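K.L.:
Now for the letters of each chain:
Protein chains: 4
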Amino acid sequence: MIQPIRICLVGAGRAARVHANSIANRLPQAELAAVVDPVADALQATADKFGVQNRFSTLEEALQGVDFDAVVITTPTFTHTALAVAAARAGKHVFMEKPMALNLHECDAILEATRANHVFLQLGFMRRFDPEFTEAARRIQAGQIGQPMMIKSLTHGPGLPPPWARDLTTSNGMLAEVNSHDWDTVRWLMGSDYERVYVEVANFKGQARGVDTPNFYDNVLVNIRFNNGGLGCITGVCPCDYGYDARVEIVGEKGILQIGELQGQAVIICTDRDQGLVTPIYRTWPERFAQGYILEMEHFVHSILVGTPPKVGGEEGRWAVAGVLAGTRSFLEERPVRLSEVLASVEAGS
Amino acid sequence: MIQPIRICLVGAGRAARVHANSIANRLPQAELAAVVDPVADALQATADKFGVQNRFSTLEEALQGVDFDAVVITTPTFTHTALAVAAARAGKHVFMEKPMALNLHECDAILEATRANHVFLQLGFMRRFDPEFTEAARRIQAGQIGQPMMIKSLTHGPGLPPPWARDLTTSNGMLAEVNSHDWDTVRWLMGSDYERVYVEVANFKGQARGVDTPNFYDNVLVNIRFNNGGLGCITGVCPCDYGYDARVEIVGEKGILQIGELQGQAVIICTDRDQGLVTPIYRTWPERFAQGYILEMEHFVHSILVGTPPKVGGEEGRWAVAGVLAGTRSFLEERPVRLSEVLASVEAGS
Amino acid sequence: MIQPIRICLVGAGRAARVHANSIANRLPQAELAAVVDPVADALQATADKFGVQNRFSTLEEALQGVDFDAVVITTPTFTHTALAVAAARAGKHVFMEKPMALNLHECDAILEATRANHVFLQLGFMRRFDPEFTEAARRIQAGQIGQPMMIKSLTHGPGLPPPWARDLTTSNGMLAEVNSHDWDTVRWLMGSDYERVYVEVANFKGQARGVDTPNFYDNVLVNIRFNNGGLGCITGVCPCDYGYDARVEIVGEKGILQIGELQGQAVIICTDRDQGLVTPIYRTWPERFAQGYILEMEHFVHSILVGTPPKVGGEEGRWAVAGVLAGTRSFLEERPVRLSEVLASVEAGS
Amino acid sequence: MIQPIRICLVGAGRAARVHANSIANRLPQAELAAVVDPVADALQATADKFGVQNRFSTLEEALQGVDFDAVVITTPTFTHTALAVAAARAGKHVFMEKPMALNLHECDAILEATRANHVFLQLGFMRRFDPEFTEAARRIQAGQIGQPMMIKSLTHGPGLPPPWARDLTTSNGMLAEVNSHDWDTVRWLMGSDYERVYVEVANFKGQARGVDTPNFYDNVLVNIRFNNGGLGCITGVCPCDYGYDARVEIVGEKGILQIGELQGQAVIICTDRDQGLVTPIYRTWPERFAQGYILEMEHFVHSILVGTPPKVGGEEGRWAVAGVLAGTRSFLEERPVRLSEVLASVEAGS
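Residue numbers (our numbering), protein chains in the order written: chain A, 1 to 350; chain B, 1 to 350; chain C, 1 to 350; chain D, 1 to 350.
Just so you know, the hints here were simulated from the structure itself, not pulled from any lab data. Note that the coordinates shown come from a computational prediction; the quantities given were computed from them, not determined experimentally. Every residue gets a Cβ at the ideal spot worked out from N, C-alpha and C, and that includes glycine. Hints are not guaranteed to be accurate.
Heads up, incomplete: computed chain C residues facing chain B, CB under 8 angstroms, no partners named [claimed, not checked]: (1) Ala24; (2) Ala90; (3) Arg139; (4) Gln141; (5) Ala142; (6) Asn228; (7) Leu295.
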């Protein structure tokens with residue numbers, strides 16, 4: 001029997017548990033080698049839940065204390081670069097959650113470290129593995145709707161993000177923490193890079209939820225022009241309270257294609273004709289993308305086993321970060337922002 | 001301008017008001033000439049609502065008191081035959097609600113009177129005019145799903161029928177009063193007559209609603225074999241309380257076709273992720289078949305104006321009654337009943 | 001019996017025939033008094049189809065030649081002002097198709113003429129009368145989804161608009177000719193006026209369809225900030241080829257609400273498991289808004305009969321024009337445009 | 001780490017590969033110990049695909065040749081009893097596909113052998129583990145729709161069954177081979193046993209497909225009366241050609257509940273307004289019940305690991321067989337058949 005790929009979870013929060021579940025309960029070719037988290041409670045809860053004995057408060061300790069093949073990084077974004085670079089330098093393959101990093105310099109550092117150390121880098125863009133998204137991509141790439149002209153992608157999340165994720169001094173806010181998936185999706189399915197973006201934001205619930213962070217917003221509407229002349233729209237609402245909502249609609253020269261729906265299960269009930277039909281909605285992202293989470297981790301494990309690079313890596317992560325940076329600049333400066341501005345600042349070393 | 005067809009409403013209840021609305025508010029080529037009802041309150045309410053001055057307690061008075069071209073009969077089933085025959089003999093075209101009559105003798109009397117007096121007879125099978133049913137029929141007849149093999153039709157109504165309609169001594173019960181439409185639909189879309197039927201019934205809510213009529217049932221499940229070898233299923237639930245529900249599903253040699261859905265409007269709302277999505281259901285039959293009711297009356301008026309017979313007449317009504325009679329005998333005698341038994345009893349003069 | 005409202009159709013094209021059908025075949029309280037069109041073929045075809053004897057090539061002739069109560073104006077936008085003003089001065093009530101006019105000066109001229117002559121003015125925003133839109137508005141206004149935060153409205157039309165409607169020198173292009181309805185809808189349902197707009201456009205099919213008009217676009221993506229802080233998105237695709245598509249999605253503080261769907265009929269068929277389910281789409285706008293077209297005309301007729309102003313008039317039409325003007329300026333100048341710029345230019349007399 | 005449960009696949013056909021996939025690729029706590037099949041090609045193909053070295057042509061050889069904990073029996077129904085009894089006597093836990101056996105004597109032999117040898121017996125009623133079915137069951141059992149009054153369950157399968165499965169001398173035909181799931185589902189969700197059944201069958205495609213087996217049918221319509229007075233309807237169509245279709249609808253005293261839908265994925269496309277919307281259908285049963293197949297096997301493995309009996313065992317399998325026997329007798333004898341007739345014949349030793 002093949003020796004399973006040994007994985008060290010770096011981060012023990014909610015996303016970590018989703019990946020741990022895939023590894024421990026659905027992927028015989030992988031196993032949990034260790035869990036790392038500086039927060040003792042989270043570390044213990046997650047390690048206990050999945051029966052992992054090796055527990056560390058830092059990645060450094062884990063690297064010294066136990067043998068493994070790869071890391072799965074689910075810590076806050078501002079810690080990504082140091083952890084990914086350290087793992088890469090230790091020869092570990094890297095699976096990391098989105099957003100890749102805070103800026104393009106960090107993205108480049110990660111890309112460089114993984115390349116230099118000949119390890120794989122996969123970004124947690126699970127929508128690329130969701131059966132509905134992959135079927136849609138297949139149809140688009142087969143030309144079924146012709147050249148895409150306009151694409152809309154939305155992600156609405158139920159709950160308020162953690163403080164660091166809604167503060168523009170410690171993250172890139174909702175555009176990054178919630179909508180990174182949309183940035184990747186629209187570029188993937190349009191088959192073109194962003195040329196310029198214009199963003200409007202709104203803050204409806206912040207005050208009532210006790211958020212007084214400057215520039216906090218809970219609604220965002222992104223208008224994108226792509227290099228190929230296509231148009232894109234990304235929207236984010238978080239907290240939306242009503243459920244987890246991720247849908248895409250693409251109009252091509254020959255037709256329209258929709259991915260996803262609000263309905264979470266084909267169970268319909270009606271007990272009151274004044275209320276009408278009731279059907280479950282997706283409540284959370286692990287529910288909506290249950291298959292995608294397993295399939296992306298299976299892909300990562302399989303990539304390591306067979307030695308071929310994962311199909312969603314650092315370049316995709318870096319483009320999403322670039323979009324976020326242009327978008328944030330747009331709403332702060334109240335003007336359309338070209339990607340060339342954002343990309344030039346890196347090349348110029350700023 | 002063409003002189004509008006003048007119509008006398010015979011019956012002033014709920015179905016009468018649906019037809020009155022079509023005539024008064026949606027069909028410029030028709031007008032309400034009179035309303036007839038022995039119940040003074042209903043007569044006044046309906047005549048007032050539609051601004052009709054000519055009001056009578058009997059059809060005979062109406063025939064003597066005012067000039068008109070046609071009657072629309074919506075009275076209880078046990079009154080149908082006398083009214084339809086009287087109208088026909090007076091040279092009035094007849095539109096009558098389902099079920100046509102209580103038995104095949106009565107059906108034959110109506111058929112004979114309308115034929116002998118050269119007036120048109122149209123049955124209120126509005127599903128034959130509903131845009132979804134007609135589109136489905138067009139596709140089936142064009143061979144899109146091949147030869148139909150199995151058809152299921154259901155009608156579930158929200159409220160308890162009136163006492164006369166749930167008593168087998170004054171009506172043929174739910175099989176007739178609710179499911180006449182299904183009897184007509186399955187025969188129409190299968191393109192074949194019933195060969196034999198088997199029926200099971202149940203009574204779940206009768207006692208709690210104070211119904212102690214013998215043989216009352218509020219659930220019925222009909223199993224049909226057609227002459228062409230096809231199979232059919234009719235179900236009725238009344239009172240179902242949850243809304244008005246009328247749907248059909250047909251499996252043909254080449255595929256499946258569904259008609260109708262529970263959803264009454266494309267308005268979807270979600271405000272609670274534990275409850276899920278909510279969308280309106282059809283609450284009542286006038287809502288579900290709003291178009292069908294207008295279109296069937298337009299067809300009747302148009303038939304009179306141009307002098308061609310309506311496309312749904314007494315033969316269709318008579319077949320539905322025959323199915324009901326066989327079905328009722330089936331559950332009373334707990335055995336499958338061939339239509340030939342029911343038809344033979346008429347020919348034999350019994 | 002009440003004397004029907006006599007209506008003169010001004011314009012004999014496709015929209016005219018939709019309204020003529022409502023008046024002639026579905027609204028007993030109205031009648032077609034005359035048809036006006038300078039194009040002899042269209043005039044004859046429409047007048048013949050609805051049996052109208054009074055036919056004129058100009059409104060002036062109609063005003064002299066026949067008596068009527070109201071006009072229904074469906075001619076190209078650039079003719080709206082002169083016709084509406086002439087009708088108003090002759091004491092005729094005015095129903096006019098969208099967009100109201102080419103600019104705010106024209107809108108003001110129409111508003112002034114109808115007010116001064118005490119006639120009613122109704123804009124052809126039939127979505128305000130569509131049962132799904134009105135049910136949605138009722139729910140929003142009842143607070144079911146809380147304060148709206150983000151609204152998206154789209155209209156995709158199947159075919160290439162006529163030459164005058166795609167040329168910015170003779171119209172305001174797709175933003176006006178296709179998306180006027182969306183401009184009205186988002187303002188209505190958000191319950192707030194536009195503060196600023198940003199627009200991107202694309203031209204994918206123009207060349208292949210032989211359109212070489214400068215600034216022609218067939219895709220448009222509008223980003224709106226409302227005065228109340230809410231966000232709005234309007235998209236237009238025309239020609240989209242795949243059908244007629246008009247849908248709205250609103251996220252409020254308490255939940256989400258969707259209006260409309262792609263599915264045009266609840267008829268589903270499957271005959272090939274590789275192809276999958278097939279269900280009709282709305283093919284054209286008269287199909288999608290069949291009810292809305294009847295109900296808006298019934299409202300106009302009823303308003304005249306009872307003497308109360310229609311609920312969708314010149315102010316709504318003027319706001320839609322203002323949005324269009326700001327949007328067009330935005331994509332031409334590649335910057336967000338505040339409505340105050342557009343409104344100020346009128347007040348300044350420019 | 002826990003020692004995985006070692007499983008011997010008995011049968012190497014299509015159902016075997018579905019279970020093998022769960023065990024090999026999705027359930028770390030189980031492993032494939034051996035594959036058994038007398039057909040050398042199937043044996044090799046399946047064992048190769050899942051990398052299983054231990055291959056045998058009979059269960060007896062496997063029992064002697066390799067150590068394992070449990071069998072998964074997917075061979076033709078007429079072999080079930082001997083294999084299950086042999087496995088049980090060897091102390092192996094038994095997971096077996098439906099239908100359990102050909103008659104109640106066989107069912108009793110299996111039940112007795114598993115009880116006597118203290119091994120677990122689980123029937124392959126994967127719908128009991130499908131997330132939509134379990135959510136529906138939870139809601140029904142929580143009283144959301146009140147007492148179920150009428151339940152309809154259908155299974156339509158795309159392709160012609162193998163010869164043995166369509167011949168009443170070697171199987172119980174479609175009622176058993178296709179509709180066993182429905183028999184179990186309606187009893188489970190109604191919460192009551194069958195009292196009597198009436199069945200009609202039809203044969204539309206047999207001749208064209210070269211089937212001349214006596215009593216072959218490709219359409220079946222079952223009418224059930226339950227002991228609690230409720231009604232049930234089961235339909236089967238096989239080959240239906242259009243896809244795999246498994247849906248349930250239950251009407252209770254308080255409302256209606258639907259399980260499942262034709263749509264196989266939330267991907268909708270439209271490229272031709274005359275054709276309309278197209279969306280994938282479930283093509284095969286492994287697609288439709290992908291989750292259910294994993295979850296039922298996880299349940300079996302978990303039951304063994306923790307030592308608690310599986311929740312769907314021999315009693316459920318036996319009741320489904322009893323329904324099938326009554327149903328077959330009904331259409332052969334053209335009369336309703338009480339379950340007591342079928343059950344009595346066993347007790348009487350016939």
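K.L.:
The structure should be examined with respect to each hint, and the outcome stated for every one.
P.N.:
Evaluation of the provided hints:
1. Nearest Cβ of chain B to the Cβ of C:Ala24: about 7 angstroms, under the 8 angstroms cut. The hint holds.
2. The interface hint given for C:Ala90 is violated, since its Cβ lies 24 angstroms from the closest Cβ of chain B, which is over the 8 angstroms cut-off.
3. Here the hint on C:Arg139 is kept, as its CB sits about 6 angstroms from the closest CB of chain B, short of 8 angstroms.
4. About 13 angstroms separates the beta-carbon of C:Gln141 from the nearest beta-carbon of chain B, more than 8 angstroms, and the hint is not met.
5. The interface hint given for C:Ala142 is violated, since its Cβ lies 11 angstroms from the closest Cβ of chain B, which is over the 8 angstroms cut-off.
6. Proximity of C:Asn228 to chain B is violated relative to the hint, the smallest CB-CB distance being about 20 angstroms (cut-off 8 angstroms).
7. Look at C:Leu295: its Cβ only gets to about 11 angstroms from chain B, farther than 8 angstroms, so that hint breaks.
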